[in-house]
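Enquirer: Protein sequences, first through last, are from chains F and W.
Position 28 (the first sequence) corresponds to 28 in this note's numbering; numbering is contiguous.
Position 254 (the second sequence) corresponds to 254 in this note's numbering; numbering is contiguous.
If you're looking for bench data, these hints aren't it; they were derived computationally from the structure.
Just to be clear, a hint being listed does not mean it is correct.
As the list claims (entries may be wrong) - Footprint (simulated), chain F over chain W, 3 or more residues, beta carbon under 8 Å:
#1 167-179
#2 217-223
#3 249-255
Claimed, not checked - Simulated coverage check for chain F against chain W, where a stretch passes if three residues somewhere in it have a Cβ under 8 Å from a Cβ of chain W:
#4 47-57
#5 63-69
None of these values were measured; they are calculated from a predicted model.
All C-beta atoms in this analysis are idealised placements derived from N, C-alpha and C, irrespective of residue type, glycine included.
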Amino acid sequence: MELESAKVIAAAIAVGVGAIGAGIGEGILASRAMEAIGRNPEIQEKITPLLFITMAIVESTSIYGLVVALIILFG
Amino acid sequence: MIPKRKSSKLTLLFVGAILLLSFLLIKDAPHDGGVHVAIAPEVLFSIGGFPVTNTLFWGIFLSLVLIAMALRLRSTLQEIPRGFQNLAEALIEKFFDFTNTITGSIEKTKKIFPLAFSLFLFILFANLFAFLPGASAMTFHGEPLFRAVVTDYNLVLFMTLTTVIIIQIVAIAVNGPFGYLKKFINFSSPLNFILGIMDTVGELSKVLSMSFRLFGNIFAGEVLVAVMLSLMPYFVPLPFMLIGLLSAVIQAFVFSLLTIVFITMASEKASHGA
């Protein structure tokens, strides 16, 4: 297998596998947030900003995979 | 309602004129069909052997803009705020109260707040400058003149290193140098030794995780928008630019939030035992 095709496959695997964890994690996060809002609808203005902030932190592991893929392809 | 209708008609006319002009004026095909993506920023010119990249140029420009805004605000302070001073005061107060809820004490907040708010403002403005229309079209001797400042990993790495070094300094100041070292090199039991090594790795991983989060979000957003623009330039890149705008604000906020949290954690006296 030549280097170019190995690079492309490696980049695809890096992004693909990294996205699994982030997808599951953000799904759990969103479902718990919806549950909390459903239980107590007045608290929505406090939960929504916290939801976005924690999503940004959870998403970061898949961003690491994306950065590695970009470095493989374009670095 | 009549003035509102006039202005919306004018807006529609304006947008239609721009679309028509772009249809007529864009005649040349893209060079190779691919997207020009480079992780390292492009060098514009060199001053006596020191290469000036486009992100350096825009970083200095952005810093000058922020300094000018701050100086103007300070020189025209009024008792009853109006206009720009009002906006700045609201932002600063809100961020100060938010920092207070995390640190828990006013003295700590007064020391942490300047660093955190400066980081927040700098990253926020740097990301928002990327959305100025027409900026990406300027070129300088064939290299694109504009590039979002945060897509330069040098800048992100050194901002993160500054923050992490400040965290270590705060930990040394609160615990004393030997108390600080005892956290990492601990021979009291094998478990504590392994925990000490993992703490060291944890500190290094803070650098990597914070810098990659900021760099990756903004750079990936730019690459995505560039690819979408090369595929279908009308209307389709808009959702990606919206996500880029949202993540620009959120990433600036998360970076400063993590700074505050880590410095607060480091400033608490280390309790004995894990």
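Enquirer: So is the stretch 217-223 of chain W in contact with chain F by the C-beta rule, three or more residues under 8 Å, or is the coverage claim wrong?
Expert: holds (count 4)
Enquirer: Between the stretch 167-179 of chain W and chain F, see if three or more residues pass the 8 Å beta-carbon test, and mark the coverage as holds or violated.
Expert: violated (count 0)
Enquirer: Using C-beta distances, would you say chain F covers the stretch 249-255 of chain W, given that this needs three or more residues below 8 Å?
Expert: Coverage by chain F holds for the stretch 249-255 of chain W (4 residues, Cβ < 8 Å).
Enquirer: Can the stretch 47-57 of chain F be counted as covered by chain W under the rule of three residues or more with Cβ-Cβ separation shorter than 8 Å?
Expert: holds (count 4)
Enquirer: Confirm or reject the coverage of the stretch 63-69 of chain F by chain W under the rule of 3 or more residues with a beta carbon closer than 8 Å to the chain's beta carbons.
Expert: holds (count 4)
The structure shown violates just one earlier hint, number 1.
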